[in-house]
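Following the hints, position chains D and P against chain H.
As they're listed, the protein sequences go chains H, D and P. Be aware that the first sequence starts at 881, since it is given in the numbering used here, and climbs by one per residue. Be aware that the second sequence starts at 2, since it is given in the numbering used here, and climbs by one per residue. Be aware that the third sequence starts at 137, since it is given in the numbering used here, and climbs by one per residue.
Worth flagging that the hints you see were computed from the coordinates, not collected in a lab. The reader is advised that the hints may include incorrect statements.
What the hints assert, rightly or not - Calculated lysine to aspartate or glutamate pairs in the DMTMM-like style (CA-CA distance at most 20 Å, straight line):
id: 1; chain 1: H; residue 1: K1090; chain 2: D; residue 2: D203
id: 2; chain 1: H; residue 1: K1174; chain 2: D; residue 2: D41
id: 3; chain 1: H; residue 1: K949; chain 2: D; residue 2: E190
id: 4; chain 1: H; residue 1: K1174; chain 2: H; residue 2: E1003
To be verified - Reference listing, derived: stretches of chain D covered by chain P, where coverage requires no fewer than 3 residues with Cβ under 8 Å from a Cβ of chain P:
id: 5; region: 92-101
id: 6; region: 173-179
id: 7; region: 194-204
id: 8; region: 220-234
Claimed, not checked - Distance windows between CB atoms, simulated:
id: 9; chain 1: D; residue 1: R74; chain 2: P; residue 2: P188; range: 39 to 49 Å
id: 10; chain 1: H; residue 1: A1104; chain 2: P; residue 2: F230; range: 48 to 58 Å
id: 11; chain 1: P; residue 1: R197; chain 2: D; residue 2: D41; range: 48 to 58 Å
id: 12; chain 1: P; residue 1: V209; chain 2: D; residue 2: I51; range: 13 to 23 Å
Think of the CB as a built atom: it goes at the ideal place given N, C-alpha and C, for glycine as much as any other residue.
Now for the letters of each chain:
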Amino acid sequence: MVRKHARRAVKAAFALALAIPIVLGGTANAQTTATPTITVGTKNFTEAFVLGELYKQALQAKGFKVAYKENIGSSELLDTALTSGKVNFAPEYTGILALNIAKVKKAPKTAAATYAAAKAFEETRGLTLLKQTPFFDADSFTVLTKTAKKYGLRKISDLKKVPSLSYGGYPECDKRITCLLGLKQIYGLKNIKFVQLGTIPVTKLIDTGKVTGGDVFTTEPALASPKYTALVDDKHIFGFQNVAPVVSKKLVAAYGAKFVNAVNAVSAKLTNPAMIAMNKAVAVDKKTPASVAKAFLKANGLA
Amino acid sequence: MNAFTLLAQQPVIPDFGQGSRCETENHAFCWGWVTNHWSDTLQPALLQHIKLAVIAVAIGFVLSFASALIAYRYRRADQPIGLLSDFLYTIPSLALFQLLVPLTGLTVTTVEVALVSYTLLILYRNILEGLRAVPEDVREAARGMGLSRLQTLVRVELPLAVPSIMAGVRIATVSTISIATIAAFVIPEGLGRPIYIGITQDIFKTEIIAAGALAILLALAADGLLVLLGRALTPWRNV
Amino acid sequence: MIRVLADTFSWGTFPDAITFIVDHPGLLWHKSVQHMELSGAALGLALLLALPLGVVLGHVRRGSFVAISVSNVGRALPSLVLIAFALLVSQHFFVNNMAALIVLGVPPILTNAYFGVEGVDRNIVEAARGMGMSGRDILLRIELPLALPLIIAGIRIAAVFIIATATIAAIAGGGGLGDIIVNQATYGLSGVVGASLVVSALAFAVALILALVRKLLTGPYVSAS
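Here chain H stands alone, though its shape is the one from the complex (with noise of 0.2 Å):
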């Protein structure tokens, strides 16, 4: 008689116990698909977050809800979160889109280029891309402006004059025909030396010579020095990488022109030096990118 009050006891704390997780999943998952929450999902670096909060502020100033996850992580996972509905808005760069999720097998020339493969392949998938940003947060072969007097260096091409070559670039860099190999081999740079990057910052390594030149991108708060300087990448092994807001085809049928309108007018304000002056602010001065976001927007009247 006992043992079973026992065990029935034991039985409802095992039910309890694994409960409580799954109504906590449950609920966290539960999403209405009648009018569509605007989610806005960004990756986890300072620039993905000045862009999500740029975006989701300036809807929330024309009156839309917004829903916000913030840090998702890499380009892989922000894609099957798109295509899973668990976001429907996200943020991305245009040749990412084309070579990485695209996976198109000639690399674009132009800039409209890649932004139109990569807006052709999200259609087959219920997405969109709104229209692109004009700034671009591409690789770079970036060196101390110093060093760019001292050989006459305006593009990448020019860097034939320099002896004993060597260039600081993230893992998987020397692989690639979008970086080191297209060095190597577009660009004719045959004895350029590879350095990984890792925790200590690019700009330290040009810095203290360690490196010709270093992977700074193109938005990064280091540029908006006269420091250094970011050379031309005249043949594009780099690609193009303007950012175009992803978003799911449902979210534009259920809000319209006044959802895209929003949207594009945040874009269109987004150039190179807007950029690199939000990430400096956020990295360096360190302010908190929603206040970042939200001084920008209020100085060009969308919020």
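For chains D and P alone, coordinates are given in the frame of chain H:
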């Protein structure tokens, strides 16, 4: 697009405010940053961290308690249950988080499942050993007084096992608080997040030190509170 | 029950992870070696520091407060925090990460060594003393063998913990399999899950080896606890 419209497109870039010299030059510790960002960064992280830990220990306790009762009653259950919790404990925490991601996504659920798994070993072990340590003659005395098996459990064995159970809860809580810092690799919650952001943003010392100190203080405070709780629950013990 | 399983991810990630492992043997081997180098060095130094100290203190039955406090404080130090603090102090990546790992590995070894030796049945020790055995002999021939299960348990806890934390050390330049696990943008989710499987296998292998060592060393003896 002519020059005029091009000019009209250029955005106004406001002054976002300069960081203090302490912040931009990354001095050892900037109190200004801490006071400015307490409410938007540090406090939310602290509260999220506490929530993660409390849920994990609570669920872990319920599961371990039930398992220990089963193993106490049916000796043969001890080996499989013990092996399972031992197995889970050996998996490196970051790896366990990532292994769960394909199953439960980048959600709190993933983090909680992993955190709960790490509490099982110590809680299960301590509850079971605490019950087993009750001297046989005490049990017989209770039986002799006419107490049923359930009554003996509830009124005699469990109270005597409390010190061991509390020791287990103490260890599990502190470990959970410690491991929860790694949750930041999966979801943007907990004190691990400011630390992670501090490291990846040019090793920003202040944020790392502030969040790290909070995590250590939280663990020590939880430990202290549980010691007091343990003493309150066992007034018949001296010390 | 289905609700708990994420609708964003698929079971297919696990086969992909196995494919990754099969496709990248060189990378995974290189990272594993790096991982074990860091972990092994840290464990070795932690043993050197903590084992003799714990054993001796347990033998003279002094310093239980130290042993307990070290254990409590050690547990309250989140591994990520130690890695981060070590990075602040020095940026010689192998050294600062090894230092953090040593700090994490010392408490379990010290505490278990202390309590293992101290907890040996007093009657046996008294009997040995009565027979005229020197302190050193008692320690080496009676207390240590009987304390072995607990000591090895402590080493096992430390080893598993060090391997686990070495994974996180990747963000502080520590290298190892963590390099893949924290770099999802480069290696994809299949790479991250693959590397997670490999590091788990490593941890299991080490735990298994230590369990076997314990069996070998304590075969003829009865455990003290």
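Checked hints:
no. : hint                          : verdict
1   : H/K1090 to D/D203             : holds (18 Å)
2   : H/K1174 to D/D41              : holds (15 Å)
3   : H/K949 to D/E190              : holds (12 Å)
4   : H/K1174 to H/E1003            : violated (31 Å)
5   : 92-101                        : holds (count 8)
6   : 173-179                       : holds (count 4)
7   : 194-204                       : holds (count 6)
8   : 220-234                       : holds (count 3)
9   : D/R74 to P/P188: 39 to 49 Å   : holds (43 Å)
10  : H/A1104 to P/F230: 48 to 58 Å : violated (34 Å)
11  : P/R197 to D/D41: 48 to 58 Å   : holds (52 Å)
12  : P/V209 to D/I51: 13 to 23 Å   : holds (20 Å)
Comparing the model with each earlier hint shows violations of hints 4, 10; every other hint is respected.
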